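**Student:** Listed in order, the protein sequences are those of chains A and B. So for the first sequence, the numbering used here puts the first residue at 1113; every next one is plus one. So for the second sequence, the numbering used here puts the first residue at 6; every next one is plus one.
No wet-lab data here; the hints were simulated from the structure. Since the model is a prediction, treat every value here as computed from it, not as a measurement. Note that CB positions come from ideal geometry on N, CA and C, so glycine has one too. Errors might be hidden in some of the hints.
[As the list claims (entries may be wrong)] A few chain A residues facing chain B, derived, Cβ under 10 Å:
| id | residue |
| --- | --- |
| 1 | 1194 |
| 2 | 1256 |
| 3 | 1259 |
| 4 | 1271 |
| 5 | 1404 |
| 6 | 1427 |
| 7 | 1465 |
| 8 | 1466 |
| 9 | 1474 |
| 10 | 1491 |
| 11 | 1501 |
| 12 | 1612 |
Each chain is listed here by its residues.
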Amino acid sequence: MASKAASTAIPANQPPKLNYLNNGSSLKSWLLTTDHKRIAILYLISVTAFFMLGGFFAMLIRLELLTPQGDLLQADTYNKVFTMHGIVMVFFFLVPVVPAILGNFLVPLMIGAKDLAFPRINLLSWYLYVIGGAIFLHCMLTGGVDTGWTFYTPYSTAGSNTNVVEAGLAVFIAGFSSIFTGLNFIVTVHRMRAPGLTWDRLPLFIWANYATSLIMILGTPVIAITMVLVAAERLFHLGIFDPSLGGDPVLFQHLFWFYSHPAVYIMILPSMGVISELVACFARKRVFGYKFVAMSSVAIAVFGFLVWAHHLFVAGISLYAALVFSLLSFLVGVPSAVKVFNWTATLYKSSISYATPMLYAFGFIGLFTIGGLTGLILATIGIDVHVTDTYFVIAHFHYVMVGGVLMGYLGGLHFWWPKISGRMYPEGWAKLSALFVFVGFNLTFFPQFILGYVGMPRRYWQYPPEFQVLNVLSTAGASILAVGYLLPMIYLLWSLRYGPIAEANPWGAAGLEWQTTSPPPTFNFDETPVVTWEAYNYDEIPPKELEAPVAR
Amino acid sequence: MASQVDALYIYLLLVSGLMTALIFISVAVLAIKYRRVPGRDAHPIEGSTVLEISWSVIPFFVMLTFFIWGAVIFFEERTPPANATEVYVVAKQWMWKIEHMEGQREINELHVPTGQNVKLIMTSQDVIHSFFIPAFRLKQDVLPGRYTTLWFNATKPGRYHLFCAEYCGTQHSGMGGDIIVMAPQDYAQWMAGGPSAPLQETGKQLFASLGCVTCHRSDVQGRGPNLIGVYNKPVLLEDGRTVIADENYVRESILDPTAKIVKGFKPVMPTFQGIISDEQLNALVAYVKSLSQPPTGTAGLQDQPAPSPAQPQKMQVQ
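All chains should be modelled from the sequences, with the hints used to inform the complete structure.
**Tutor:** The following block contains the structure:
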């Protein structure tokens, strides 16, 4: 029945061109592929599966917090649920989502290359991700872990009786996946750009992924080493972090955040790159201040390594160390603000279409602004003492991580969906789900800013009754948000069969990825493109009129 | 303190709100004004270095005001006044054990008088906890193996939440309690209702019963340094370093005596790690500190810069 409908959707008189999707359909042709586009699809499937798992844990958290008493889950179960929500979302969703899916698919296409520099290492990255994920699933099914995704010592090394070592191993292995991805991107961008594609002609998405890759290869080894040290203390009682063995518990926090703060930029920078592409395309203009936007990505990557101890203001570090890290933290605010201002300025005297990807870009700019400004509030040390480890922090990083990263990812996924799948998504449903995501997100997380300031600590299974109203609002928002996330999964799958066939460049977008067919052939370009123009030369490309309603 | 933090918070909210409004309104106005209309194309604009520099530098200076104001508050939060009443706090999974200097003990409750500077000297028996009083806008992690401190001056009688803010295991969310702020006369009445000797008295008894007194003598030079007047003074070590004999130093010297040997002494003291409880340790620390307070009858020793003969005048420089 389904196949009959499918055959009506494909024009029968036109045999489908050989592309990366129909070039081999055996399981082996997928699992042993070295095609960056197929590996991106493998990531798309596995990362989406982990997103649904993490989302399931999130719903359990929100349901438990609907009432002040601990009634739905046991205390220990709740602690495991928020821990696994964090580990899954951070290490198995947010870190890989944009670089490993969109980056993998687009980096070679955008620079006019046939593939990444090391296609086999690229496949190895995915296998490492899957092995790390499988170990984590095993850990979850055999009792789980309850340390919080931050693994703070000495609780993780001496206090918890859950399977910390196995969870650490999962993070350790998944970390190598992102190191290899970063390495691959850096070499590819340096060595494989098409003739004429100079550094100052690179799309900003490439710049963002390049900066991200720097953090991946410089930062990720530190978390890997830290996990080894945790395992060594837990298994062999080597005194590293536990004071009763002669260790220093704050040392762990330094090591952990030396990776995990820059990791925030691993997550957000690629999404920022997506937003630059979207804003340029749907405003039909070169991004305002291209060089400043490109350099701000690099600046964020560099400054990101200098601010880790702002997570430690009340952890027992010295007064002066805290002051220095507070000041440095504000520095990161500058390049982030520069990006927001430039995207806004790009809209001036532009010609804006309200297609779904652009709606996500608007959403990103708004939510990232709130997430970024509340970050400045947290960097203000006298305030941080009060709001750190409360729901204020939870709200802040969800505005950046979910409001930022996920909005960027969804915008990008819609934008490049025609290129990835060869089909158009249904515009009406997509707009509706973007609305659900925006409204649901704000209803979920805005009340948490207030909740934090009035004093509700994070990781609380039960809480005083005066906090209930705000928690109910948050849970209500989470249900709307869940619908907003489920809708795209349904209609994007639907569009694979029933969506209108996409042409090579349905948006009239600049960028080399739009010059090849949709979906692209296995080696991307029939002949290597030669670039003679600047990035975002929208003044030379006529806009496409979409069948989607365009406001007049 | 709470009102200072709130004042800064309101300032931050105003600035952030203004910025948010600026971005939101600009995006909305531009998005509507420059919506796609047939026959009207986008104007290519390259960018503007002047604009880029101004929207980098101006926000940075605004952020500097955040930093300075926040730092001033933090500085005050981290500098306990000299006249503060000291209270010892021991955290463990999942309760707060409180000991007042007068010997009163409480669990999950802390009674304090209004108008009095109170300094909490805190440690943990197991994992990291965090002492969080939202009403006072104050929080400090409580670590095993060392002391951290927190001070406040409560202004309004009442009952305030005490939370553990650092995740510490199963009953983390149950590790709460109350800060009970009382008018001074009510507090005096509450304090009189309790039994037991002052904390330093307990410490003095321990000092005798554990045999500390045989080496750390106050009359003649023993095998260990004379401890009178030592607290909060610089101490010259065998390896040439100088450290301040603060609470953490006294604590470490009891648990790990060979870590920092005072110049002129031999590493002969046994460790008391695992032999005494955190409460007993606190009592000993309180006793050693009491040896440096003027009314303890050791006035004659006060003008000596350092009690130990092994410490030359040189250490006064640093």
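**Student:** Decide, hint by hint, whether the structure agrees.
**Tutor:** Status of each hint after checking the structure:
no. : hint : verdict
1   : 1194 : holds (9 Å)
2   : 1256 : violated (13 Å)
3   : 1259 : holds (8 Å)
4   : 1271 : holds (5 Å)
5   : 1404 : holds (5 Å)
6   : 1427 : holds (5 Å)
7   : 1465 : holds (5 Å)
8   : 1466 : holds (7 Å)
9   : 1474 : holds (6 Å)
10  : 1491 : holds (7 Å)
11  : 1501 : holds (4 Å)
12  : 1612 : violated (21 Å)
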